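Here are the chains, one letter per residue:
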Amino acid sequence: MTGTSAMSPLLVALISGGVVLGALTGLLAYVTLLERKFAARMQSRVGPYRVGPHGLLQPIADGVKLLLKEHLVPDAADKGVFNLAPVIFFIPCMLIFASMPFAPGLGVADLNIGVLFFLAVSSMEIVGLFMAGWGSNNKYALISAMRAVNQIISYDLPFVMAALVPVMLAGSMKLSDIATAQQGLWFIAYPVIGQLAFIAFIVAGVAAENRTPFDILEAESELIAGFRVEYSGMKFAFIQLGEYAHVIGTSFLGAALFLGAWAGPGPSWLGPLWFTIKALLVFVLFTWVRWSFLRIKVDQILSISWKLLLPLTLLLLLATAVVIVIRSGAGV
Amino acid sequence: MSEVREIDYTGSERLTMNMGPQHPSAHGVFRAILTLEGEKIVAVDAVIGYLHRCHEKLAETLAYVQYPSIASKTDYVAAMASELAYVMAAEKIGQFEVPKRAQYLRVAVNELQRVASHLLWLGTWCLDMGGALGGGTSVFLYCIREREQILDLFESLVGARLLYGFHQVGGVRYDIPTGWVEQCRTTMDLIEQRLGEYESMLHDNAFFEMRTRGIGVISSQLAQDVGVCGPLLRASGVKYDLRRNAPYSSYEDFEFAVPVETEGDCHARYRVRMVEFRESIRIVRQVLDGLPEGPISSRPGVKSLAQVKVPKGEAYARVEGPRGEVGCYLVADGTNKPYRMKWRGASFSNLAVLPHIIPGVTVADVVAIMGSVDPVFGEVDR
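Here the protein sequences line up with chains A and B, keeping their order. Residue 175 in this note's numbering sits at position 175 of the first sequence; the count goes up by one each step and never skips. One gets this note's numbering by counting positions in the second sequence from 1 and adding 1000 to each.
The hints are simulated quantities; they were obtained by calculation from the structure and are not laboratory data. Owing to the predicted nature of the structure, the values given are computational and were not obtained by experimental measurement. One thing to keep in mind: the hints can contain errors.
As the list claims (entries may be wrong) - Within a straight-line C-alpha distance of at most 20 Å, the following computed EDC-like cross-link-like pairs (lysine to aspartate or glutamate) qualify: (1) B/K1309 - B/E1056; (2) B/K1092 - B/D1045; (3) B/K1040 - A/D75; (4) B/K1312 - B/E1091; (5) B/K1100 - B/E1252; (6) A/K139 - B/D1045; (7) B/K1342 - B/E1060; (8) A/K139 - B/E1039; (9) B/K1309 - B/D1045; (10) A/K307 - B/E1037; (11) B/K1312 - B/E1056; (12) B/K1309 - B/E1091; (13) A/K139 - B/E1037; (14) B/K1342 - B/E1013; (15) B/K1309 - B/E1279; (16) A/K139 - B/E1013.
Said to hold, decoys possible - Partial pick of chain A residues on the chain B-facing surface, computed with a CB cut under 8 Å: (17) F293; (18) L302; (19) S303.
Said to hold, decoys possible - The following label-pair restraints were derived from C-beta to C-beta distances: (20) B/E1197 - A/L57: 50 to 56 Å; (21) B/K1040 - A/A120: 40 to 46 Å; (22) A/G264 - B/N1018: 23 to 29 Å; (23) B/R1213 - A/P191: 32 to 38 Å; (24) A/I153 - B/N1018: 25 to 31 Å; (25) B/G1360 - A/I153: 24 to 30 Å.
Where is the CB? At the ideal position from N, CA and C, for every residue including glycine.
Kindly produce the complete structure, drawing on both the sequences and the hints.
Shown next, in the form of C-alpha cells:
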C-alpha cells in the first residue's frame, strides 16, 4: 500500500488502518472459536456445535448476545473510571497491530522501531486493567488490580529480553528487517539460542497475557473474575476482545521474531496467509499451555520471574551478543 | 492444640473479604469471612448452616422404610455411606440379621461410591487450583467422565444416579441385574488405567507441587484434637480406618491396604486418596469374585410403612465414608419410626480444622486447602 503515492498519506493510513482493524476483529472472533474447539478436543468434549454448522456461527451469536446485554454499573463504583477502563484497556491491545507488517509493504506502519513500539504499547494495557479494578470498587477487583500491577511489570522485563534476542540477531528493530534476516534460517532454528529464546518468549508471553498458569488476575476460584467481575455487556466484551487481541498480537510477534514471518512455499502473495497460520500455531501453543496446567500463586509467579526468568534471559542476551561478535569476526 | 487467633478488625491495613456463601470454590454454600493483610490471611471466621434442612427432625417423622432414601441427601456425593449408617443403626437395635450376599453388595456399592466421590474430589480440587479456564477444567472433565461410568453402574442397579435408597433394614433392596458384574469389571479396569493418566498429569507436575507441598499442614496432634477423620486423619500420620479398626458388613473378608502419610499437607492428602482409589477398586474386584449366592435381605421387600418395627433401644452405627467416619445415633421406641436420630457428619468435623490451618496462608492457598479437606455441605449442615 506504500506504492499508492497518488493518495494522500493520511488517506492511505486511514484505509489500511480500517482494513487491518476489520480483518482483525473477524480474526479475533474466530480465534475464540478456535480456542474453544481446541480446548474441547483436549478435554474429550465436542465444543460449540449448535449455532451454525459445527458451531461456526457461535462467535457471532456471542457478539450479538453481549451487545444486547444490560450495562450494569455498581452504585458504589467510580463511574467515570469504571466506564472508561474497558476503552483504555482495549486501545493499546489493538494498537499493537499498527506496527505489524503482514507481508512486505503490507501493513499500517512498518516503523523502524517496530518491536519497541509493540512492547511499549502492549504494556500500556496495565493502565486500563488497574482502572477497571479500582473503579469497580469491589474487593475482588481491587486485589486483582494489585496483582495485575505486580505481575505485568515483572513479566514485561523477561518478555522484552526474550524479544531482543531476534532483534540482536537481525541487527534491526524493524519487523520487516527481522523477517528478511530470517530468509536463510528462521531464528527458532538458530542453534541453542533460538530455542531458548523462544521458550522464554512463550513463558513470559503467557504471563503477560494473564493466561493459566499465570492467570492470577482472573483467578475465578479465588477472586471470582478479578478486575472484570462487575462488567457486563459490551464493556465486558471490550475487555475480552482486548485480551484476545493481546494474545493474537503476541502470537504474530512470535511468528515474526522466530518463525520467519511471511516466508513459506508458493507465490509471494501467499505470505500473509503463511504469517497468519504461523501466528495461529503460536496461539495454539499458548492455548495448549493454558489448558494443561494449574494456576500458581502470586508470590511464586513473582519469584519465577525475578529469580529465574529474568537472569536467564539476560544471560541469553549476553550469549547472543558474544555469538554475534564472534561470527562477525571482530575478535574476542 | 494451636490457638484460634482472635479476630481484630481494626487497623487500616486490613481488608475483610467474604468468600461465599456464593463463591465458585465454596463447594456448596459455605461462607468464610477472611481478614486479609495484603494477600495474607490473618483470621478466618467460618459460617455454616446455609444448607440446613432439618434432617434429624425429619427422621423422627419418617418410617424406617422411608428414611434411607432421605439419608442419601445428607452427603449427596456419597449417598451410599449415609444410607448404610442409618440401616446399620436400626439393625443393631433390632438385632436383625443381614445375609452374606447383602453384606457383600453393601461393600461393593460403598467402595464404588468411594471411587465416585474421590473422582469428584480430584476434579473439583483441580478446578479450584487450576481455574475454570485452565488446566483444572481438563482434570475436572476427565474425572467427571469416569464418574459417569460409576453412576451408570448405580443406575442399572438401583434406577437412580445420585440418591439411591439402595439399603433397607435387614439387607439391600435390589439384586444385581444380569451383565452387571462384567460391566463393573470393565469399568474398574478402565478407571484404574485412567488413574495412571491423572497421576502422570499431576504427580510430578511442578505447578501442582508448588500449590500443594507444605500447604495446610495438619499435625498429627491437631488432627486428633480437632477430631478430623478419613483421608485427612490418615494423611496426618494416624492409621485409623473403620473398615480395618472396627469392621462392619464383612469388611474383614477382604484384603486391602490402609494408606498413611505423615506430612499432613495437601499433597499428602492427595497421595492418600490416590491409594484409596486403587484399594477400593481392589475390594470391588474381591466382592465380584466372591459374591455368595443367597437372599439379599432377611426381611421381605418393602410393601408398607408399618413393615419394619424396631424394638425399644438405642444404638450408634458408624461406617467409613469417602470423607471419614459417618455415624448415626438412633433411639427407637418400638414403633415404625425412630424416636430420635442424630447424624455425625465427616465433613462437619473435618471443617473444624480450617480456623487452625488457614491463618497465615494466602488467598490462593485457601481454595487449595478447602479442596483438599473435601467438605460436602449437605453433610455439614444436614
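Quick rundown of the hints versus the structure:
no.: 1; hint: B/K1309 - B/E1056; result: 19 Å, holds
no.: 2; hint: B/K1092 - B/D1045; result: 39 Å, violated
no.: 3; hint: B/K1040 - A/D75; result: 29 Å, violated
no.: 4; hint: B/K1312 - B/E1091; result: 12 Å, holds
no.: 5; hint: B/K1100 - B/E1252; result: 12 Å, holds
no.: 6; hint: A/K139 - B/D1045; result: 17 Å, holds
no.: 7; hint: B/K1342 - B/E1060; result: 10 Å, holds
no.: 8; hint: A/K139 - B/E1039; result: 12 Å, holds
no.: 9; hint: B/K1309 - B/D1045; result: 44 Å, violated
no.: 10; hint: A/K307 - B/E1037; result: 25 Å, violated
no.: 11; hint: B/K1312 - B/E1056; result: 19 Å, holds
no.: 12; hint: B/K1309 - B/E1091; result: 11 Å, holds
no.: 13; hint: A/K139 - B/E1037; result: 13 Å, holds
no.: 14; hint: B/K1342 - B/E1013; result: 44 Å, violated
no.: 15; hint: B/K1309 - B/E1279; result: 37 Å, violated
no.: 16; hint: A/K139 - B/E1013; result: 13 Å, holds
no.: 17; hint: F293; result: 4 Å, holds
no.: 18; hint: L302; result: 11 Å, violated
no.: 19; hint: S303; result: 10 Å, violated
no.: 20; hint: B/E1197 - A/L57: 50 to 56 Å; result: 35 Å, violated
no.: 21; hint: B/K1040 - A/A120: 40 to 46 Å; result: 34 Å, violated
no.: 22; hint: A/G264 - B/N1018: 23 to 29 Å; result: 54 Å, violated
no.: 23; hint: B/R1213 - A/P191: 32 to 38 Å; result: 36 Å, holds
no.: 24; hint: A/I153 - B/N1018: 25 to 31 Å; result: 29 Å, holds
no.: 25; hint: B/G1360 - A/I153: 24 to 30 Å; result: 27 Å, holds
Hint compliance for this structure: hints 2, 3, 9, 10, 14, 15, 18, 19, 20, 21, 22 are not met, and every other hint is.
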